[in-house]
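Add chains B and C to chain A, keeping to what the hints say.
Chains as they are written, first to last, in our numbering: chain A, 143 to 464; chain B, -15 to 226; chain C, 23 to 309.
Where hints are given, some of them may not hold.
[As the list claims (entries may be wrong)] In silico DSBU-like links for lysine-lysine, alpha-carbon gap of 30 Å or less:
(1) B:100 with B:115
(2) B:115 with A:456
(3) A:456 with B:100
These are computed hints drawn from the structure, not numbers from a lab.
If you're wondering where the values come from, they're calculated on a predicted model, not measured in any experiment.
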Amino acid sequence: MSARNLLLGLLALLVVAPALVGAYPLAVLILILHYAYLGIAWNVMMGFAGLLSLGHTLYVGLGAYVAAALYASFGLPALLGAIPAAIVATLAGLGIGALGFRFRVNGVYFALLTIAFAEFTRILFDHMGWTGGSSGFFLPVEHGQVSPVALRGPPILFYYVALAMAAGGFMLARSLMRTRLGYAWLAIREDPDSAAASGVDVFRARMAAVAVSSALTSLGGVFYAFYYNNMYPEQIFSMARSIEIILAPIIGGLGTLFGPVLGSFVLTLLGEGTTGLLEHLGLAAPGAKQVIYGVALLVIVTVQPAGLWPWLAKRLRIGRDG
Amino acid sequence: MAEPLLTASGLSKGFRGLKAVNGVSFSIGSGDILAMIGPNGAGKTTCFNLIAGAMLPDAGEVRLAGQPITGLRADQVCRAGIGRTFQLVKPFAGLSVLDNVTVGALNAVRHVAEAKERARAVLDLLDLGHKIGEPASALTLPDRKRLEVARALATGPKLLLLDEVMAGLRPTECDRLVEILAGLNRRDGLTILLIEHVMRAVMKLAQRILVLHHGEKIAEGVAEAVVRDPAVLDSYLGEEAP
Amino acid sequence: MTVYLDIVASGVLTGLVYGLMALGLSVIFGVVRVVNFAHGELTVAAMYMAWVLAGSLGVDPILTLPLIAAALFAVGYALQRHLVEPFIGRPEHEQFMLLLAVSIIMLNGLLLAFGPDARHVPVDYAYDSIELGPMLLDTVRVYAAAAAVALALGLYLFFRFTDLGTAIRACADNLLGAQVVGLDVRRLYALAFGLGCALVGASGTLMVLMRDATPILAVQLTLLAFIVVIIGGLGSMAGALVGGVLIGVSEALAGFVLMPSLKSLFSYGLLILVLLLRPEGLMGRRA
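The shape of chain A in the complex, shown without the other chains:
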């Protein structure tokens, strides 16, 4: 079975899914696709350029707030508002990346740097009156309005947007890997000194990864803003959110293309399954879902650190496709 056929099959299934499933499964699928997309975006920085970002939700939050504020204040539709949103997030990412490289902050220290920036921003937004502060920011919703450009409409609209983003993100990552830049990233990930000796400008390549990753992530934030219509600094800039973003790609397969997608499916279904089971048993157990996530991460890291996808691909004898 070739990877290509598998992907096309999956895509076909997802395209017709809304006709087959009800409202709740649709909402779950939107969540899966959203986190798959975020995972792909994060993976560009970690899996491809080897930079551990644990404050990645910073870009989600920035994307969300910028696009939401522009819509609420000027009526700028989401698709247009996404551009300044991505620019702001990219500048933030480049700033953090440049600081990190300039001052030679690596590995875990870099991860802590990213956390510090995210937390700093969270507290900042908590106190920023004109975006609602800690009480949150709310988007105006007009009933019956359907506009893909403004991201206003019924859930099915958001489903197809989420699907398009996930598929688009996947294809973008895939084609990037086949460019000069992609090769540079792979080389840097394996051995930065060796890469430099072979002519790779390590700094520029890494900054490119940071820029792509933060820009893509911010678009996920735009989606978030218009889908949920509200955002709170406590949530959208929180460490917990950053961790949620990285779980899918890690469990699915770091540095692989399909890993984040698979990871998102597995985790979301696990989570929803756990919540559903508890509801069925009449138990209210806050944190149970996350315990399951933690256990899943533990199992993967100890037993199969490369992630589920490489293992699955080998079992199914699927050809090399990330």
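Just chains B and C now, kept in the frame of chain A:
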């Protein structure tokens, strides 16, 4: 006499008070092959690192084709035309043999497809053509050494720095590599600076030899003369001069 | 003017307890070289333990401290021996993810067990103050800080003057050498991890006197421990305490001068500056 391709003047580098390289000067003409020999710890690899931009010299200057390259980053030095191998090979372990060399080839050509073609050609030249799909981590040490040479060659260098590439190779493998390098030198005018302990390879390849000892140059000249130099025999070669 | 003195003093006392917590992190990282991302979770676990014992036995947390420290020592020892040890040679990000997983499980496990509400440990002297010259200090903080200093001193003596302490230090300084000399490195690593967690246990017990226990506190405390250790300097015991005091004071001042909710802003800003300008911290050597 044409201007030398590489000139090193007064190169010095110290680590915590120990002078690894002390005022080393030499030059290599275009199309020449110079071997750098000396006991372990003589400063040979440090010299390489200084030339290739992996380290910053404390003093001294390096010029490539007349242009100063002292203090440039490793990737800038590579773009300027110097390819290098590492004493302890550093392949991109998770990538295929072909991809390893393609990374190097992308220094010489713009497009990935072209780079792959170039990589294939270089790998064929180094007898690795049949292993292009294998992960670099699966290669034996001799093959890894050749992969390292292939990757450096693919970058399209004017000057190739080889750091003990013959170590661990069997005599037949060594001869084959010598043959390939000599061919490249003859055909394409590739200039080579090699660090070597395997005197067999040194005598077959190098016209000139430079001897380092305790970070200083103690001899330089035509190969046959240097290996008979008493100071060199004393410090490095011992009684068994080839 | 005197109110500033009180605030600074209060910050110093709180900071000493932070320092004790960070000391645990420093021991673990300095010896085992593993970044313990579950540090805050372990601290909060200790806080809950103290709360449970105080509630069921009616005993002051300071008295239960040895018990809780011992319990956490066991937890740390087991963690290192059975979970972390196979990861020692593996890539840094894998170790990190292991402890991330542990932290997620612990944090949410605590949430499951105790719920999200704040748990408070009432002590008789909770509202008392001690006068020291012109300053008015909370009795609670004075006791906690005193205990922290005593423990830190004990740790110093342990490392300096006992065979075991010296052996652990040897592992930290020169792993290969330690192995060559015949030290049982695995056991020493486990002991070091256990020791670090014992310090965490102690600091948690003291901290519950000053703050209520909630699961979400774990994340803040992990970050706080890292901030303190990085600012004070990895591998420097004195640095951990100095860093703790620095953070304690700056938080107290920021909370007073600006706004309580902004106090962490300053700490994060400081962390960013230190990471960029002087990652070895005020007193540490390069890790």
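(message) What's the verdict on residue 115 (chain B) and residue 456 (chain A), does the C-alpha distance respect the 30 Å limit or exceed it?
(response) holds, 21 Å
(request) Could you grab the alpha-carbon distance between residue 100 (chain B) and residue 115 (chain B) and see if it respects the 30 Å cut-off? (result) holds, 14 Å
(message) Holds or violated: residue 456 (chain A) and residue 100 (chain B), Cα atoms, limit 30 Å.
(response) holds, 26 Å
Violated hints: none; the structure is consistent with every hint.
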